[in-house]
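Undergrad: Spelled out from the first residue to the last, the chains are:
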Amino acid sequence: MKIKFFFLLLSALFYFNNLCLAERVNTLQQASTLYSEGKYEEAKDLYEKLLLQYPENEALHYNMGNCYFKLQQLSYAIYHFEKAIKIKPNYEDAQHNLQLANMQTIDKMQEIPDFFIKKWITGFLMLYHHNTWAITGIFLLFGSIVFFLFFLFSNIIVIRKVGFYSCLLFIVAGLLLQGVSYARYNTLSNKQYAIIKNTKSNILSAPADDSKKLFVLHEGSKILKVKEENGWLFISLPNGNKGWIKKEWVLEI
Amino acid sequence: MVRKIIYTLLFLPLFFQAKAQNYSFTAKTSHTQVATSQQFKVEYTLNANGSQFTSPDFKDFRVLSGPNQSSSMSWVNGSMSASISYSYYLLAVKEGEFTIPPAKIKVNNEVLESNSLKITVIKGQPVPQQYQQNQPQETAKKTDGENISDYIFLQISTDKNSAYVGEPIVASYKIYTRVNIVDNDLKKMPDLNGFWSYELKDINDQTAWQTEVVNGQRYNVAELKRSLLFPQRSGNIELDVMEMDITIQQRSNKRSNSLFDQFFGSYENIKYNIKSNKKTIKILPLPEANKPPLFNGAVGNFLLDVNISKTKVKQDEAIDVKIKINGSGNIKLLENIKPDFPEEFEVYDPEMKDNVSAKNNTLTGSREYHYIVIPREAGNYTIPPVSFSYFDLNTKKYNTHVSDAFQIEVEKSDEKNNVVSFNAANKKDITILDNDIRFIEQNILLENKNHFLSTPLYFTLIISPFLLLLLAFLAYRKNAERNKNTWDVKSRNAAKLAKKYLSNATLYLQKNETHLFYEALSKGIFSYFSDKLNIPFSHLNLDIISEKLSEKNMSSTLLTATSELINDCEMARFAPLSSVNNSALLEKAKKTIYELEEKLNKA
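These protein sequence lines map, in sequence, to chains A and B.
So that you can map any letter, position 151 of the first sequence is 151 in my numbering, and since no number is skipped, the others follow by simple counting.
So that you can map any letter, position 380 of the second sequence is 1380 in my numbering, and since no number is skipped, the others follow by simple counting.
Take these hints with a grain of salt, some might be off.
To be verified - In the DSSO-like style, the derived pairs of lysine-lysine whose C-alpha atoms are separated by at most 27 Å in a straight line are: (1) B:Lys1484 <-> A:Lys161; (2) B:Lys1118 <-> B:Lys1059; (3) B:Lys1314 <-> B:Lys1291; (4) B:Lys1324 <-> A:Lys39; (5) B:Lys1291 <-> A:Lys70; (6) B:Lys1275 <-> B:Lys1123; (7) B:Lys1548 <-> A:Lys161; (8) A:Lys161 <-> B:Lys1478; (9) B:Lys1591 <-> B:Lys1500; (10) A:Lys227 <-> A:Lys197.
Hints in this document: simulated from the structure, not taken from any laboratory.
Extracted from the complex, chain A is given alone in its bound form (with noise of 0.2 Å):
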């Protein structure tokens, strides 16, 4: 009785989204007409309606940014391509229009590119979504029980041998899987760069207003947050210039 109930409410669900679904590709197929017609505008608003119901989809980031461009709106364009080459450290065609973008940038900043180490692990990390690994990793925690069961009750020692190894090694991985997942859901949230948002920005000595101007930086900038204070953002540069600016400033990737 109670699992009939439940698949009831899962198909009503199923049912329920897939009428959602099919408005969204509608929205979708919408947005990109616009854009081929050239009207970066409306596709823009759009894909910027899609973001608020799929903020991981890397595509929609690419998108956007490909309208923010069109439209001359550099720090925005560059935000969304950085957007979805963090989501998608692999995507080729982000890649490319981001160095486009970063190309009519006024500062001249030299990115220290990350530790190869570093880069292979994101790399890694990001080959799938936090619930695909989340879920995988359950399903090998369930399989060790297949393994355990070989080795509690088979006679034939090899089998046991193996059912008990192979049972570890799959409780291993599963809870190395959830780690990953963590790991990650929190390099996304985690907002570690940002990109200066106006054309023209003062860093200050201090996170005050009256504080001293230290050098000014323009749009579209790629910076290193280090720290947040009420409002404040403590960023640093790749030449390893540091200083005060506003969060409103900045657009935290």
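Given the coordinates of chain A, work out where chain B should sit on it, guided by the hints.
TA: Chain B only, in chain A's frame:
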């Protein structure tokens, strides 16, 4: 008396004439407003013969030279006119408004006063302290070109004051003079920034003097230079001044001791620096409306003619393509016209031939682009139409001429080496024409990724495998316990069962049924060990039995007895004709089981 009257009558006209003549003694200045350290000229002119000129007091100025006296006398139609002038060159020393008092001169016993002059001195350069009071006249005059401007000047004139970009303008540079020029030296030609110029008449060409009347004065005019100017950009473009050093002959004012000079007047060569006017021309941009996309700045009136030498060629055979622009306008400034040749054609830079001359204030003629193209691959190709756009100045509209498209049939070359020549070295790098962002992603998979991590479902799913593992383990434990219980029962009953089999064996022995006896005997022994030691029947053998027994700390004598019993039993069973005493074997089995039962139960 009569004679007196006659004399009177004779002189009367003279008398009247003298009386009637209005003597005027005027002061003139070259400038009423001067800057400090600037020179200026003050001249007093009397239209009669005068004497005893009393110079005014130039207390506020410094006299550089003067008074320089010049006089002239002429008889026209029996009446005499004379004039005398005294001129001074003065230097303004201090700022302010000054009045030069009148000068005086005596004419016919009458003293005439000139007008006074008002001079405003504004701040200019500071006056050098050691300014030579009597500077040589020569240099003074050289720098002062102002007072000569009535006699000689340069002028730049154009045929129109506003034009479109690319519209030809005729600019002429003329010199106007009323004096004899001894020598000239061109100092500076005007800058023609913003124009492309075509010389209609060069400065070195011969010039013919003409006369022209300007402001009621008759001047000799010569055209120094005439150019066709094609504006290159829009806006107000200034034709800068032209500068010339002119040497003219002038009567000297110096007093000379030479009798000859005093009689004829001395002449001297004086060098002047003269400048032309500036001229500003308003250049209008070409209208943006209906501007053809391929417009490249042609202004005028043109015709397009495209010729192709052949339309059917063999591979690697050259084709001549001639594009001819005929007409008038800025033909010299046309940009290259390049048809879109197919990729498979090798195209060389065009040869350009101009045949242009100036006519009707514009350039007329033709320009020809001669392309040589070589098809490198066989096939049928199309050279798309060449289009040429220009701005027509008459209609103020853009016109576009479009040529025909050409079909070209390229046959395969007979030579075989072409195949060989097509190697990697002949391959071209792909030229990147432009950089643009990649197109948007159109196949987007919309997956609703709900938050799964850290949800109750997630934790349930994580914990449940472990619970299941625990459950499995508990089940195993329980099962093992139950098994153990059954084994206990079995082991307790092991002896009973063995006894039953052995008593059967005794029966069979008495009946002398050897085969059944052995079966019962071995069954009895093995079932005992199986049940007692908890070994499955199929696994039962001597090694396992002795291993299990030694585990239970059985004495070695008992162990050997057991192994002997089993061995004997097997032997008797599979080799029935051996000399094994059946009854003794039975006894031995009974005894060993008994002993084992005793020991095992104790343990």
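Undergrad: Taking only the CA atoms, is the gap from lysine 1314 of chain B to lysine 1291 of chain B under or equal to 27 Å?
TA: violated (40 Å)
Undergrad: Tell me if the straight-line CA distance from lysine 161 of chain A to lysine 1478 of chain B falls inside 27 Å.
TA: holds (21 Å)
Undergrad: Starting from lysine 1548 of chain B, check that the Cα of lysine 161 of chain A is at most 27 Å away, please.
TA: Since the Cα atoms of lysine 1548 of chain B and lysine 161 of chain A sit roughly 23 Å apart, the hinted pair holds (cutoff 27 Å).
Undergrad: Would you mind confirming whether the straight-line C-alpha gap from lysine 1275 of chain B to lysine 1123 of chain B stays at or under 27 Å?
TA: holds (24 Å)
Undergrad: Is it true that the CA of lysine 227 of chain A sits at most 27 Å from the CA of lysine 197 of chain A?
TA: This hinted pair holds, its Cα atoms lying about 18 Å apart.
Undergrad: Take the C-alpha atoms of lysine 1118 of chain B and lysine 1059 of chain B, compute the straight-line distance between them, and say whether it is at most 27 Å.
TA: With a Cα-Cα distance of about 14 Å, the restraint between lysine 1118 of chain B and lysine 1059 of chain B holds, given a limit of 27 Å.
Undergrad: Is the hinted pair lysine 1591 of chain B and lysine 1500 of chain B satisfied, with a Cα-Cα distance of at most 27 Å?
TA: holds (15 Å)
Undergrad: Between the alpha carbons of lysine 1484 of chain B and lysine 161 of chain A, is the straight-line distance 27 Å or under?
TA: Roughly 23 Å separates the two Cα atoms, so the pair holds.
Undergrad: Below or equal to 27 Å on CA atoms is what counts here, so check lysine 1291 of chain B against lysine 70 of chain A.
TA: holds (25 Å)
Undergrad: Are lysine 1324 of chain B and lysine 39 of chain A close enough, with their CA atoms no more than 27 Å apart?
TA: With a Cα-Cα distance of about 42 Å, the restraint between lysine 1324 of chain B and lysine 39 of chain A is violated, given a limit of 27 Å.
In the structure shown, a violation is registered for the earlier hints numbered 3 and 4, in ascending order.
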